[in-house]
Amino acid sequence: MEASYNKLQEYFEDKLPSPEKVAEALTFHSYEVEGIEEKDGDYIFDIDVLPNRAPDSSDEKGVAKELSAVLDMSLKEDVFSGKLSEIKITVSVSQINKLLGADISAGEVEDILKRLGFEYEVSGEEFVVNPPLERTDLKIKIDIIEEVGRIYGYENIEAILPSKSEKAPKINKKFYYVSKIKNFLVKEGFSEVYTYTFRDSGEVEMIKPFASDKNFLRTDLRGGLLRSLEQNTKNLPLLSCDEVKIFEIGNVFNKDKEYTSLGITDSGDIVNKLSEFLGVEIKGDTEDNIFETNFDELLEKLPEPEDEYEKLEKKESITYSSISPYPFMLRDIAVWVPSDVTSDDVLEVVKKESTELLVNTKLFDEFKKDDKISYAFNLVFQSQEKTLSDEEVNKIMDSVTEALNSNSNWEVR
Amino acid sequence: MDDLNKNKKGHLHPMTQMINEINSIFSDMGFEFADGPEMDSEHYNFDALNFEKDHPARAMQDTFWVKDKESTVMRTHTSNVQIRYMENNKPPIRIIVPGKVFRNEATDATHEAQFYQFEGLMVDETTTLGTLKGVLKTFLEKFFSKDVEIRLRPSYFPFVEPGIEVDMSCFSCEGKGCSICKSTGWIEVLGAGMVHPNVLKAGGIDSEKYQGFAFGVGIDRLAMLKYGIDDVRLLYQGDLRFVNQF
Numbered sequence: 001m002e003a004s005y006n007k008l009q010e011y012f013e014d015k016l017p018s019p020e021k022v023a024e025a026l027t028f029h030s031y032e033v034e035g036i037e038e039k040d041g042d043y044i045f046d047i048d049v050l051p052n053r054a055p056d057s058s059d060e061k062g063v064a065k066e067l068s069a070v071l072d073m074s075l076k077e078d079v080f081s082g083k084l085s086e087i088k089i090t091v092s093v094s095q096i097n098k099l100l101g102a103d104i105s106a107g108e109v110e111d112i113l114k115r116l117g118f119e120y121e122v123s124g125e126e127f128v129v130n131p132p133l134e135r136t137d138l139k140i141k142i143d144i145i146e147e148v149g150r151i152y153g154y155e156n157i158e159a160i161l162p163s164k165s166e167k168a169p170k171i172n173k174k175f176y177y178v179s180k181i182k183n184f185l186v187k188e189g190f191s192e193v194y195t196y197t198f199r200d201s202g203e204v205e206m207i208k209p210f211a212s213d214k215n216f217l218r219t220d221l222r223g224g225l226l227r228s229l230e231q232n233t234k235n236l237p238l239l240s241c242d243e244v245k246i247f248e249i250g251n252v253f254n255k256d257k258e259y260t261s262l263g264i265t266d267s268g269d270i271v272n273k274l275s276e277f278l279g280v281e282i283k284g285d286t287e288d289n290i291f292e293t294n295f296d297e298l299l300e301k302l303p304e305p306e307d308e309y310e311k312l313e314k315k316e317s318i319t320y321s322s323i324s325p326y327p328f329m330l331r332d333i334a335v336w337v338p339s340d341v342t343s344d345d346v347l348e349v350v351k352k353e354s355t356e357l358l359v360n361t362k363l364f365d366e367f368k369k370d371d372k373i374s375y376a377f378n379l380v381f382q383s384q385e386k387t388l389s390d391e392e393v394n395k396i397m398d399s400v401t402e403a404l405n406s407n408s409n410w411e412v413r
Numbered sequence: 001m002d003d004l005n006k007n008k009k010g011h012l013h014p015m016t017q018m019i020n021e022i023n024s025i026f027s028d029m030g031f032e033f034a035d036g037p038e039m040d041s042e043h044y045n046f047d048a049l050n051f052e053k054d055h056p057a058r059a060m061q062d063t064f065w066v067k068d069k070e071s072t073v074m075r076t077h078t079s080n081v082q083i084r085y086m087e088n089n090k091p092p093i094r095i096i097v098p099g100k101v102f103r104n105e106a107t108d109a110t111h112e113a114q115f116y117q118f119e120g121l122m123v124d125e126t127t128t129l130g131t132l133k134g135v136l137k138t139f140l141e142k143f144f145s146k147d148v149e150i151r152l153r154p155s156y157f158p159f160v161e162p163g164i165e166v167d168m169s170c171f172s173c174e175g176k177g178c179s180i181c182k183s184t185g186w187i188e189v190l191g192a193g194m195v196h197p198n199v200l201k202a203g204g205i206d207s208e209k210y211q212g213f214a215f216g217v218g219i220d221r222l223a224m225l226k227y228g229i230d231d232v233r234l235l236y237q238g239d240l241r242f243v244n245q246f
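Residue numbers (this note's numbering), protein chains in the order written: chain S, 1 to 413; chain P, 1 to 246.
What the hints contain is simulated information worked out from the structure, not anything from laboratory work. Be careful, since some hints might not be right.
Claimed, not checked - Using 20 Å as the maximum straight-line C-alpha spacing, the simulated SDA-like pairs for lysine to any residue come out as follows:
| # | chain 1 | residue 1 | chain 2 | residue 2 |
| --- | --- | --- | --- | --- |
| 1 | S | 208 | P | 104 |
| 2 | S | 139 | P | 197 |
| 3 | S | 15 | S | 43 |
| 4 | P | 8 | S | 136 |
| 5 | S | 362 | P | 9 |
| 6 | S | 273 | P | 197 |
| 7 | P | 137 | S | 28 |
| 8 | P | 100 | S | 258 |
| 9 | P | 67 | S | 43 |
| 10 | S | 164 | P | 10 |
Claimed, not checked - One-sided and incomplete, this derived list gives chain P residues near chain S with beta-carbon spacing under 10 Å:
| # | residue |
| --- | --- |
| 11 | 16 |
| 12 | 128 |
| 13 | 135 |
| 14 | 163 |
| 15 | 175 |
| 16 | 178 |
| 17 | 180 |
| 18 | 183 |
| 19 | 194 |
| 20 | 223 |
| 21 | 231 |
| 22 | 246 |
None of these values were measured; they are calculated from a predicted model. All C-beta atoms, glycine included, are put in the ideal place defined by N, C-alpha and C.
Can you build the whole structure from these sequences, using the hints too?
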């Protein structure tokens, strides 16, 4: 909703704080002011009134009432009807503090209830609260605790850590083995992909899909893995591997049940290796070079975990760089160098001349003859901004060749 | 020569790496990893979580309802596991629940119809809003490897009360203002609150005796913040140009 600062001011005798301060007070104690727009000598607040507060705060009158509680400023006259809710809620000071983790005194609680315009009776350390009729969101004890907490201010509640739990958390068998298997496959050179749950065919359909080709839940991982395989094979020169080896562990859905599946590109004897690693035989189907098995059934055959989750490797901080939407260009280069020169020495010269357009390199051949050695590389060029032309890449290759040849006894073949 | 590229390790998907890290941080604070189904009943996803019968989140434009199955939805949050866990475990409870969730919304660089979330739930006799603050601050500091401040704003979610929204001080500019925090110095990271007594009751727990907190964090959003990922859709495309960067 929108509320005008000038109109809000009209409800108060005293001057309101600045619009920014008003917005901040509402955001941290009531509901979020998402923006303030200056307009003809006024300020318009864009307020996201919480759904439970819609009945009392959907106009400036209601917001003024709220502000009077938050800022502890009295209204010229009460804007509510003066009628009270039929509900009486009993809450004690200790109950309030026990839930919030605060140390609010009885006096402070009473002051907050007053500011909110609630009627109440005090009985020992208990308050019997009778909210205004307009506050339809207040029905039970917790509602009053929230009122006290937010007006008191969540910033005044101290952050504390829970005490150590008596026993170490239970190891989740499924997560334990999922992690173990993933780490094993990664060590074997496989990369993990997550593919889409929604598909254009399957056994379980959505009543209202978000796209016409995504109306079913996947019945297997194979479909997603095949697409991934195809796409990654096209991009192979950009990837630092010779072969696309991927896997996924995720939930699939058939008519009667949801279960977790494991799918993997079936290269070499990876399934046997995994069986050996786990100590149980893994049965499944290979189709289109993708092996898939019911992970939940496999899990049943595995023993309860006896140790902890695997320790995480410390990773350098990673910053992702955007994937270029433009095509890449391939070139090969081979060079004779004295045998004490390493392939890295050669690459260094290549990279220096190639600018940031050289996005990947691969040493694909190396052989020695007498005191010389030949290195051959695939070079992959790609721009983040445009499709590279042959001429542009040729020019780079010319300067690479020239730079390599300028070293004594180096010769581009 | 042949083995130049052999023995090369593959890559764990960044989502897996983040879930592992989240689990490790929370495990140190005594939280157990729990899981549950991605397709669930209206009861576990909405009713038992104190959603009113006519709550807008139940509508078809927000939630995927399943054809030919009675009152069945694709879970809209990992909170469905709250009740399932409480039914089978008595307090003290400390769990985290990372998992896939679904919302029926148009996809763009910051929204996907499927994404990952993790739930935190802690219930015992003494857990307070102050504990929630402490646990969240610790998590964010460890996850971003930075000292951070957090601040709580009142909010509303049917299954918690008080309901709060949590902002963290920007880990990138440390409050000076940058593109990540849109020059405010603060980043909105998650929703949380104290578990509503109706939810405890639905889970078979005495709400007079026990209390606790729950929170939910979008992991896709954490990925955008932590790694500078500019399009969340990349997480689910099986593209190694993306995965192999991690």
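Taking 20 Å as the top limit, are the C-alpha atoms of residue 208(S) and residue 104(P) close enough? 8 Å, holds
Classify the hint on residue 178(P) as holds or violated, based on whether any CB of chain S lies nearer than 10 Å to its CB. 14 Å, violated
Can the hint on residue 223(P) be confirmed by a CB-to-CB distance to chain S that is less than 10 Å? 9 Å, holds
Do the alpha carbons of residue 164(S) and residue 10(P) lie within 20 Å of each other, as the hint requires? 37 Å, violated
Does the alpha-carbon distance linking residue 8(P) and residue 136(S) stay inside the 20 Å limit? Roughly 63 Å separates the two Cα atoms, so the pair is violated.
Between the alpha carbons of residue 100(P) and residue 258(S), is the straight-line distance 20 Å or under? 13 Å, holds
Given the proposed pairing of residue 139(S) with residue 197(P), does the C-alpha separation stay at or below 20 Å? At roughly 12 Å apart (the allowed maximum being 20 Å), residue 197(P) and residue 139(S) satisfy the hint.
The hint names residue 163(P) as touching chain S; please verify it with the least Cβ-Cβ distance against 10 Å. 8 Å, holds
Residue 362(S) and residue 9(P) were given as a pair; does the straight-line alpha-carbon distance stay at or below 20 Å? 16 Å, holds
Is it true that the CA of residue 15(S) sits at most 20 Å from the CA of residue 43(S)? 15 Å, holds
With chain S as the partner, please determine if residue 246(P) meets the hint condition of a C-beta pair closer than 10 Å. Check passed: Cβ of residue 246(P) comes within 6 Å of chain S, closer than 10 Å.
Verify the interface restraint on residue 16(P): the C-beta must sit less than 10 Å from at least one C-beta of chain S. The hint holds - residue 16(P) has a Cβ within 10 Å of chain S, the shortest such distance being about 6 Å.
Violated hints, listed in ascending order, are 4, 6, 9, 10, 15, 16, 17, 18; each of the other numbered hints is respected by the structure.
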